[in-house]
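Each protein sequence line maps, in turn, to chains A and B. The opening position of the first sequence corresponds to residue 1 in the working numbering, with each subsequent residue numbered one higher. The opening position of the second sequence corresponds to residue 1001 in the working numbering, with each subsequent residue numbered one higher.
Wrong hints could be hidden among the right ones.
Once the Cα atoms are required to be at most 16 Å apart in a straight line, the calculated EDC-like pairs of lysine to aspartate or glutamate come out as [unchecked claim]:
no.: 1; chain 1: B; residue 1: Lys1129; chain 2: B; residue 2: Glu1074
no.: 2; chain 1: B; residue 1: Lys1257; chain 2: B; residue 2: Asp1227
no.: 3; chain 1: B; residue 1: Lys1255; chain 2: B; residue 2: Glu1240
no.: 4; chain 1: A; residue 1: Lys126; chain 2: B; residue 2: Asp1011
no.: 5; chain 1: A; residue 1: Lys68; chain 2: A; residue 2: Glu177
no.: 6; chain 1: B; residue 1: Lys1156; chain 2: B; residue 2: Glu1143
no.: 7; chain 1: B; residue 1: Lys1052; chain 2: A; residue 2: Glu320
no.: 8; chain 1: B; residue 1: Lys1296; chain 2: B; residue 2: Glu1332
no.: 9; chain 1: B; residue 1: Lys1255; chain 2: B; residue 2: Glu1244
no.: 10; chain 1: B; residue 1: Lys1126; chain 2: A; residue 2: Asp11
no.: 11; chain 1: B; residue 1: Lys1296; chain 2: B; residue 2: Asp1227
no.: 12; chain 1: A; residue 1: Lys52; chain 2: B; residue 2: Glu1320
Computed from the model, here is a short list of chain B residues facing chain A with C-beta under 8 Å [said to hold, decoys possible]:
no.: 13; residue: Phe1093
no.: 14; residue: Val1100
no.: 15; residue: Tyr1102
no.: 16; residue: Ala1128
no.: 17; residue: Leu1311
no.: 18; residue: Pro1323
no.: 19; residue: Val1325
Rather than coming from a laboratory, the hints here were simulated on the basis of the structure. Every residue, glycine too, gets a C-beta built ideally from N, C-alpha and C.
2 protein chains.
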Amino acid sequence: MLQGHQTWVFDSKPVISGCAAVGGPFESNSALADDFDRLNEDLWLGQDSFEKAEKKLMEQACEIAIKKAGTKKEDVQFFLSGDLINQITSSSFTARTLGVPYLGIYGACSSSMEGLALASLLVDSKFAKNALAATSSHNAACEKQYRYPTEYGAQKPPTAQWTVTGSGAALVSQEGEGPRVVCATIGRVVDMGLSDPFNMGGAMAPAAVETITAHIRDMRLELSYYDLIATGDLGRVGHEIAVELLTKHGISVPKDKFTDCGILLYKEDQPVFSGGSGCACAAVTTYGHLVNRMKKGELKKVLIIATGALLSPMSYQQKESIPCVAHAVSLEM
Amino acid sequence: MLQGHQTWVFDSKPVISGCAAVGGPFESNSALADDFDRLNEDLWLGQDSFEKAEKKLMEQACEIAIKKAGTKKEDVQFFLSGDLINQITSSSFTARTLGVPYLGIYGACSSSMEGLALASLLVDSKFAKNALAATSSHNAACEKQYRYPTEYGAQKPPTAQWTVTGSGAALVSQEGEGPRVVCATIGRVVDMGLSDPFNMGGAMAPAAVETITAHIRDMRLELSYYDLIATGDLGRVGHEIAVELLTKHGISVPKDKFTDCGILLYKEDQPVFSGGSGCACAAVTTYGHLVNRMKKGELKKVLIIATGALLSPMSYQQKESIPCVAHAVSLEM
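Please model the complete structure; the sequences and the hints are all you need to start from.
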């Protein structure tokens, strides 16, 4: 049910009965490589376009998540998915492969938690027994759509981020073993007037802060309640801004427990500028690394805040600043 | 709760407490002109791009829908919206204007019923008191994105359709006066191998048929149960294919009660080829004309099946056929 202004509390605590993280060649050398279910050596995944390669990543993640849950796709009632490609074709084409009733979503890099929140809502309110939430991104497909074709070799400032090649999927179920989804806070669109496509972390930080603030207000708790709080795609630059803003709002930030998926994912010597980003960033980190740590008993209560820059190349062509949104999901083992 | 494989039955029958249809200059001459809440004489709506004009249409529709419900935006918990522009910027920018927690969706022209279904689910399961669902399309913004810039004057075959300039919004509430949402059937992606962007109706007809078939199976009823059954964007060509396919599947089609929003909306002498289409097509027809007829007592039970071609210009550049999806919502007065 609704608690406070914008938080859904799931009384039945739906379970993530199976989840999967898959990645590309760059992710094979990442800090969290061991937490992936599958790593692909070929950036093309044997396909003739990067977009089709991205679809293939999502198909892999969905297949593995369903398998790990010990079920089959015929028992999945709904598939909720979104990605960064125009018309979210990775999601739609995967929905065609799966043949499961499909709800397309779009929240840019916040899509992972938007999908997980909606899937949990469907299961909690008995509108589904099993709902599959997925998202994906592909470095080469995104770079050419949102910035410059990679071949241009355009230089990037240190605030830029590296789009993750990968896909994450989670099967949310009424029954099963795994982390449970406690609640979700749906964010408002926040726009602080930033328009630099090479500083998405900076643009998205205020949206993350807005949603975190709403979450602790609606749930009447402090951030220290959690063993780990991870934003989605802020990178180092955005993360620092988020810490500053939260502190300014009078919110006590447990710095040793507050991190970002875009910082966690890659090694320090990988050339990712400020950190990782892309729809897959929060998804692979959550459904690989964080869920694994929860299962090992290292983490009990985790809050993930995926942040999305709802920009289009159009927004800066049209001299518009970038509207951003963040959705938070709380998991418990 | 879930009934059958893919239908959500809303026990509380959430009410459409306020809804609105707005249009552009071409819609001012349409067959349903009198059913619009607002018609704009200027295709640009005073903006400097067609994309911003589309956002303006959506802002108008949302504002009017909230006003007609006799409430204010502070009482709306969630805004669910999608459109055809890359990164659904019309929706995201409207979400910024509204300042209401936002869930972006993408179902191409099926977005209207995807949003209405999800908003009804939120309200029925007590995760929201009021949820606003909206969608929009703009003829000039869509034509240049999906086909050829209008200035090229490219000739079109008779199977082509006319993208509606407009926006429709509905406020779904726990309390209020208006048509009630009885149930929704979420569709699977269907792809019959068609790849002609000038015959979307033909590509989408099988998806409409798939969802109608699922709906009557899950709800254990016949199509004659309804006073009117309206598909969203099939136009004349797609509509005929849908009738044929349903008949072939052994489903009795009450032809006098089975129509399409893309046929209803425009006059026969308007140059719309096979009929209207675009996210706004089913939205303005439902939230204007159909709801008005329900309120007058002319229609009691209505089934709307919005159909979306989840194509991208990429799908045919990449020699892919077009995956399609349809979602059905049943209304009752």
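Hint check:
For the suggested pair Lys1129 of chain B and Glu1074 of chain B, the alpha carbons sit about 12 Å apart, so the restraint of at most 16 Å is met. Between the alpha carbons of Lys1257 of chain B and Asp1227 of chain B the distance comes to roughly 6 Å, so the proposed pair stays at or under 16 Å and holds. Distance hint between Lys1255 of chain B and Glu1240 of chain B is fulfilled; the C-alpha atoms sit about 10 Å from each other, no more than 16 Å. For the hint linking Lys126 of chain A to Asp1011 of chain B, the alpha-carbon distance of about 12 Å falls within 16 Å, and the restraint holds.
Annotation: proposed proximity of Lys68 of chain A to Glu177 of chain A holds, straight-line Cα distance about 10 Å (limit 16 Å). Taking the CA atoms of Lys1156 of chain B and Glu1143 of chain B, the gap is about 12 Å. The hint holds against a cut of 16 Å. With a C-alpha separation of about 10 Å, the suggested pair Lys1052 of chain B and Glu320 of chain A falls inside the 16 Å cut-off, and the hint holds. The straight-line distance between the Cα atoms of Lys1296 of chain B and Glu1332 of chain B is roughly 13 Å, inside the 16 Å bound, and the hint therefore holds.
For the hint linking Lys1255 of chain B to Glu1244 of chain B, the alpha-carbon distance of about 11 Å falls within 16 Å, and the restraint holds. For the given pair, Lys1126 of chain B sits about 12 Å from Asp11 of chain A by alpha-carbon distance, which is consistent with the 16 Å threshold. Annotation: proposed proximity of Lys1296 of chain B to Asp1227 of chain B holds, straight-line Cα distance about 14 Å (limit 16 Å). With a C-alpha separation of about 10 Å, the suggested pair Lys52 of chain A and Glu1320 of chain B falls inside the 16 Å cut-off, and the hint holds.
Taking 8 Å as the C-beta contact cut-off toward chain A, the hint placing Phe1093 of chain B at the interface holds, the least distance being around 6 Å. The beta carbon of Val1100 of chain B comes within 7 Å of a beta carbon in chain A, closer than 8 Å, and the hint placing it at the interface holds. For the restraint placing Tyr1102 of chain B at the interface with chain A, the shortest Cβ-Cβ distance is roughly 5 Å, inside the 8 Å limit, so the hint holds. Among the interface hints, the one on Ala1128 of chain B holds; its C-beta lies about 6 Å from the nearest C-beta in chain A, closer than the 8 Å criterion.
Here the hint on Leu1311 of chain B is kept, as its CB sits about 7 Å from the closest CB of chain A, short of 8 Å. Below 8 Å, beta-carbon pairs count as interface contacts, and Pro1323 of chain B has one with chain A at about 4 Å; its hint therefore holds. This hint holds: Val1325 of chain B has a C-beta 6 Å from the nearest C-beta of chain A, less than the 8 Å allowed.
Checked against the numbered hints given earlier, the structure satisfies every one of them.
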